[in-house]
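Novice: Chain residues, written in single-letter form:
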Amino acid sequence: MTPTRVTPTRATTLTAPASRLRLARFRDLTLVPVIVILLIVGAFADPIFLTQGNLVNVLQQQAAISLLVLAEALILIAGKFDLSLESTVGMAPALAVMLAIPTSAGGFGIGLPGGLVIPLCLLIGAAIGAFNGFLIIRFQLSAFIVTLAMLIIVHGLQLGPTEGKTLFELPESILYLGSAVWLGLPAAIWIAGVLFVAGIVGLGYFRVGRSLYAIGGNSDAARAAGIRVDRVLWGVFILGGTLAALAGVLETGRLGAIGSNQGVGWIFMVFAAAVIGGVSMDGGKGTILGALTGVLVIGLVQNILTLKSVSGFWQPVVYGGIILIALIISRIAGGKAQD
Amino acid sequence: MTPTRVTPTRATTLTAPASRLRLARFRDLTLVPVIVILLIVGAFADPIFLTQGNLVNVLQQQAAISLLVLAEALILIAGKFDLSLESTVGMAPALAVMLAIPTSAGGFGIGLPGGLVIPLCLLIGAAIGAFNGFLIIRFQLSAFIVTLAMLIIVHGLQLGPTEGKTLFELPESILYLGSAVWLGLPAAIWIAGVLFVAGIVGLGYFRVGRSLYAIGGNSDAARAAGIRVDRVLWGVFILGGTLAALAGVLETGRLGAIGSNQGVGWIFMVFAAAVIGGVSMDGGKGTILGALTGVLVIGLVQNILTLKSVSGFWQPVVYGGIILIALIISRIAGGKAQD
Amino acid sequence: MKNHVEARNIVKRFGPTTALDGAGITITEGETHALVGRNGAGKSTLVSILTGLQRPDEGEVLFSGETAPALADRDAWRQRVACVYQKSTIIPALTVAENLFLNRQTAHGMIRWRALRARARELLTTYEVDVDAEALAGDLNVEQRQLVEIARALSFGARFIILDEPTARLDGPAIERLFTRMRALREQGVTMMYISHHLDEVYEICQSVTVFRDARHVLTRPVAELPHDELVAAMTGEATLSYEARARAGANGTVVLEAEGLSLAGRFQRVDLSVRSGEVVGLAGSASSGKVGLAETLVGLHRPDSGTVVVNGTKVRPGDVPAALDAGLGFVPEDRHREGFVPLLSVGENGTLPIARKLGRLGVVSPSRRRARAEELIDRLDIKTEGPDQPVGDLSGGNAQKVVFARALVDDPAALVVINPTAGVDVKAKQALLGAVEDAVERGAGAVLVSDELDDLRICDRVLVMFHGRVVKDVPRGWTDHELVAVMEGIQE
Amino acid sequence: GSGTQTGASGTQTGGAAQPQGGKIGIDHPRADSDFWNSYIKYVPQMAGELKIDLMTPTNSQNDVTKLVNNVQALIGQGAKAVVMAPQDTGAIASTLQTLANRKIPVVSVDTRPDKGPVYMVVRADNRAYGTKACEFLGEKLGGKGKVVQLMGSLSSVNGRDRAEAFRECMKSKFPGITVFEEPTEWEGSKAASMLQTRLEQNPDIKGIYMHAGGVHLAPTLQVLKQKNLLVPPTDSKHVFVISNDGIPQEFEAIRKGDIDATVSQPADLYAKYALYYAKAAVEGKTFKPGPTDHDSTIIQLPNGLEDQLPAPLVTKDNVDDKSLWGNQVK
Ligand SMILES: Nc1ncnc2c1ncn2[C@@H]1O[C@H](COP(=O)(O)OP(=O)(O)OP(=O)(O)O)[C@@H](O)[C@H]1O
Ligand SMILES: Nc1ncnc2c1ncn2[C@@H]1O[C@H](COP(=O)(O)OP(=O)(O)OP(=O)(O)O)[C@@H](O)[C@H]1O
Ligand SMILES: [Mg+2]
Ligand SMILES: [Mg+2]
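Residue numbers (the numbering used here), protein chains in the order written: chain A, 161 to 499; chain B, 161 to 499; chain C, 21 to 513; chain D, 2 to 331.
To be clear, the hints were calculated from the coordinates, so they are not data collected in a lab. There could be a bad hint or two in this list.
Said to hold, decoys possible - Negatives, chain A to chain C, calculated, CB over 10 angstroms: (1) Ala205; (2) Phe366; (3) Val368; (4) Ser371; (5) Ala374; (6) Asn378; (7) Ile387; (8) Gly444; (9) Leu449; (10) Gly481.
What the hints assert, rightly or not - Covered by chain D, per the in silico footprint, the following chain B stretches (three or more residues, Cβ under 8 angstroms): (11) 207-217; (12) 325-336; (13) 472-482.
Even glycine gets a Cβ: it sits at the ideal position worked out from N, Cα and C.
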């Protein structure tokens, strides 16, 4: 608003939006310069890096974890927290598979048809999300600590029945998605891509998506504006658990078996990707597109470190250092203090 | 307020304080019933449980982690976050020791006198805290993600120089505190006890301690009230790093060596202890006494699980379940929604 | 006479917004100086500069002719100036006593809590603030918090005190007590800067007045030399008359909002209420009378212990806000910061939250339709903003309140529930907002208007006075201030 | 010869200093244990001796996801054979299949993949470790009393193998001995706490089997010292301790009489034969089950072969044997 003018006119209000809009769009993409730098660094680091094969590998490797980032971004935007997603990645497919395979292969001997494994797996993920939501919303417990306890419990629910053993005789159905190739690209990339587009559109242009921002930004105001806050939050937790289970399916297909550590330790990377991608830990801020750029940064860094064969001892230092730098760049480019 | 009365009287407002005070005091101690239940359960689980020897063991085992809980509670009350504490537990003593021991034992060959190891270790911890504070306060970066990156980096700074090896040949000085016995009790218990008392008194009766609550509760208001917010926060991060390094010293003395994963994985337990003890993840709320009860709950649960020899596969489920139950009890007893 | 405080040629920008553009103020020692201006004129920004919270981009601040201390030297600032900020500086998790003595619990050494509590109680008694020193500040209501803030600012013993809209959340008796206090301080030679949108208060308590308009200084004059109309003209840049309630056709018959036997333990008991189309029903009452609780229950924010609410012929599920809104209710909450808006979301989105469903099919929200609706609302309520895409968090208080209003009106409600609608809005905005209520009523809505301000209640066809949780009297149009206050205070049935 | 060689190598050009037969990629499983660190140190040394063109090693930090990514990168960079040590033996199956499809032979060190073709598994028999420890303690205790087994991580196959073999052997051979099992997750801190608690509960514990000397040795000694149980075997209070790994510190403890034995897991042989078989694979050699020239036996697996390297039991009697790898590292 130009302060020299005495009466506000339509003209003054119409000049501003364009620039603000432009700024807001850029804010999602503060990591793009980082990605460009990484691509250049990678190209110098190893000639293999910029080949299609390698880049497809990077995408495929990040497909499963990116679904977790998508889930966590939704939950964070709505102002909540879910640590237990990482345990669901291993536990949901493991339990679903055990319902189908014979006892000799480590199953429960119930022998459900293999075609039911994926739906069951997603259902288990949804149930875990629903239970989290129940405790957090109905009991008004701290989301951080509930899902921390659930992280431990859900992992225990995989360790217990499998006795820590890897399940490797899996029904074909659960292996398909993570290993198939569609139109020359791994199916996992297509699936993650489609879900991210759905996330971007859903959060940008759908009522329920926008309500996540309202809830995360000020849940009292959202309630007073007629948004069914509890119901939406519950839905987000359930969706998050389901996406984590789907990530588990993709990971299972990629690895060909379900180890007892599947997904363990992912959650830190998931948060790092979401936050450097601009999603606020305080809720109400961030976009799915931003989160996606966060995933890409993490994936490219890992790939370059692998190609350059940085010593395993020093890798964490380089890795953490790059996260810090990305954070600082996204802070400077974004212009706003983070929380 | 009695609706039948026609004029408001002072009497109505004067009835409140006593009951409110009582409630507020109890709020620190919502976990006491949980501790009592655990003591009863433990007594039934194993006759050894209630012996002095076993209870002293529990305290000794929790001494190091309790210092981390103390540090994290201070940081959380001030409205911030520090994940990197767990890496400092291993890295600070490891680096300090390497400055003293000969190359043949894995040191740098600088050969500083052994007496300097503990001061150096604390200094390293303080430096890590100062660096965290610098990034978070000066650059206004997200504390969660900065300290997550630092968790990785600091651990890498231990792995790199030690090349992942355990340091076995340690100067006597660093082993002393963690293994000595003073007046019939392990020195570690005395140290932790004294520091907790200092924390309770400092946060309860000193201006700088109270300022943590103000900063965590509403940092703009704290600034307006003349509190040097940045300086206090920086001090808290430095203190936190120092306490983590001291925890590393105690742990090193207890274990007799510094393994490459000393402290790794502690941070989740630290948060669990602080939060079930009533410290809010949103800042401004909670007490050191409450955090201490949280540590005790975690320690007793671990002890009982060990005494009862619960299968390793199912331990996480029991463990996580108990955290959840403690959380629910502390929620019901505390009466307020958690955040 | 000496100048106590001087701010010269202050420029302050927030990104694209220029909040102060070469503005200044000069306050003579010992006077009570009013600063007035429309919402967003830059008053609060000047306050934060005068109290050392923000650094001006250009210009300087002088105290008694000396340059202001460095920004980092908070103690020096606090010796020179005390302030009641417009935004709450209460820390909810701490007790009232500690909030009162924040960062000065003790000079040195350990804090003696008992003594602190005694001092706090003394302070509260001195300022006649009826709250418990040991209560958690977070448990106080808006008004009590405000009283605590005022008591704290006055207790510093500073020679210069700033009060930024202290009365926006106070009822009549509390305002009177504040003024008594201010007069006493003035007699002791304390200089004060007073910000308010209630111009009659300016005439009552201040000696001179400075007007800001669009980030600039317009005039400074002794109040005695400045007639009311001229003051309003200076603020708005045009001649404006004070708001006159319109003559309306009155209730036309259909009941649009009805409550029967509504009770909520501790707040109100067995309240019956019926609002007809074309009718504005006021709810008045002194502090803790239960009027806000009742209004919030009508909307569904609280689930009543007993009783029913019928909106526009539909019986709504108790405690279900979306159901009430769907049935045709519009709602302006009491505390705009808490329940009013989502600060990070844009003006457009905040304004259209309840009608998101109508902005596209199958759950889609069309940004262009949202923008169109938002521009219409910005126009209708004269919201001062860069446009529909500006986050509401960046707006000035009064403009944020207009956005909240816009949200209530966006769906052409059959019934409106409006709580303290004009708290903190400027004269012109007040007219716009009250006008908006009357517009809606003329279109056939019925409205419940809860307010502590008698001026607002003048547009009501009748005023229900509540006292300790019960409706004690139904006062028809034509009351005098004195009559209504007497009923509200429980002096007269 | 070592395992019967069919298919001749033939291409060895005499005296050439250059490495032979194409690049060999290697992934190290983790960098946070003394055993693996010794292994990592031996690798370049052995590669030099065998004249192998070794690519820069990658490190999967005990994470199968990283391992899969690393292997993809190694393939991309032109590895002709891959040496790996998958700590998660199931989740590697599809990667092994991919490698087989590309005709890249795999040598798996230390662990035996459950599924997916491997050229050779180079490992010592982890079940044998457990059994050796059981027999040692069983004999020392005379078939009765209580022992503690400080287990590694239950989700690692090696930990599980050691635990199961120890448990089964105790049950069948020494039914008079009570076994307490402590899941330490390879963490010194947990080991110390659990051992301390268990000794409080059962002061008459007379034997300890540690799954990993690197992490369990110091905490165990510290707890025993605190309880005044660190006494020579001649003292009736002595607790018999057998460790696993064979790092120098264990040898030192054996010499001092603090512990009684350890199973030396051959880090040097792991490195040597992993590279040896990788080179052989690139050169097109094949092997058959049977005894080898280095005191080991090749056995047939459903998905390949396994060379079971010897893992000697080290006691006070043979602790100074120069051929033990723990006596060679500095
Ligand atoms: N922190 C900030 N960031 C961005 N813009 C700001 C900020 N603070 C104030 N503004 C803008 O500066 C202008 C002046 O605001 P200010 O709060 O000083 O107005 P005011 O006169 O106090 O209004 P009111 O009477 O509504 O309180 C407004 O346009 C407001 O949007
Ligand atoms: N959330 C709450 N829980 C419990 N009691 C409350 C709550 N909010 C308000 N009260 C109390 O209920 C009584 C009625 O409050 P209400 O806000 O309805 O009255 P009011 O007339 O609007 O008062 P005021 O003018 O002070 O806002 C008061 O004593 C108030 O302190
Ligand atoms: Mg203002
Ligand atoms: Mg009120």
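Novice: Check, residue by residue, whether the segment 325-336 of chain B contains three or more positions whose beta-carbon lies closer than 8 angstroms to a beta-carbon of chain D, and give the verdict.
Specialist: This one holds; 3 residues, not fewer than the three required, reach chain D with a Cβ under 8 angstroms.
Novice: For Leu449 (chain A), is the shortest beta carbon distance to chain C beyond 10 angstroms?
Specialist: holds, 16 angstroms
Novice: Closest CB-CB distance from Val368 (chain A) to chain C, is it above 10 angstroms?
Specialist: violated, 6 angstroms
Novice: Using C-beta distances, would you say chain D covers the segment 207-217 of chain B, given that this needs three or more residues below 8 angstroms?
Specialist: holds (count 5)
Novice: Does Ala374 (chain A) clear chain C by more than 10 angstroms, comparing its Cβ with all Cβ atoms of that chain?
Specialist: violated, 5 angstroms
Novice: Should the label of Ala205 (chain A) as a non-interface residue stand, given a Cβ cut-off of 10 angstroms to chain C?
Specialist: Holds, since 39 angstroms exceeds 10 angstroms.
Novice: Checking C-beta pairs, does the segment 472-482 of chain B have three or more residues closer than 8 angstroms to chain D?
Specialist: holds (count 3)
Novice: Verify this label for me: Ile387 (chain A) is non-interface relative to chain C, using a Cβ-Cβ cutoff of 10 angstroms.
Specialist: It is violated; Ile387 (chain A) is separated from chain C by about 7 angstroms at its closest Cβ, not greater than 10 angstroms.
Novice: With d taken as the least Cβ-Cβ distance between Asn378 (chain A) and chain C, does d exceed 10 angstroms?
Specialist: Check fails; 4 angstroms does not lie beyond 10 angstroms.
Novice: Holds or violated: is the Cβ of Gly444 (chain A) farther than 10 angstroms from all Cβ atoms of chain C?
Specialist: Non-interface label fails for Gly444 (chain A): nearest chain C Cβ at 5 angstroms, not farther than 10 angstroms.
Novice: Are all beta-carbon distances from Phe366 (chain A) to chain C longer than 10 angstroms?
Specialist: About 5 angstroms separates Phe366 (chain A) from the closest Cβ of chain C, which leaves it inside 10 angstroms; violated.
Novice: Beyond 10 angstroms on every Cβ pair: is that true for Ser371 (chain A) relative to chain C?
Specialist: Per Cβ check, Ser371 (chain A) is inside 10 angstroms of chain C; nearest 8 angstroms; violated.
This entry does not satisfy hints 2, 3, 4, 5, 6, 7, 8, going by the numbered hints stated previously.
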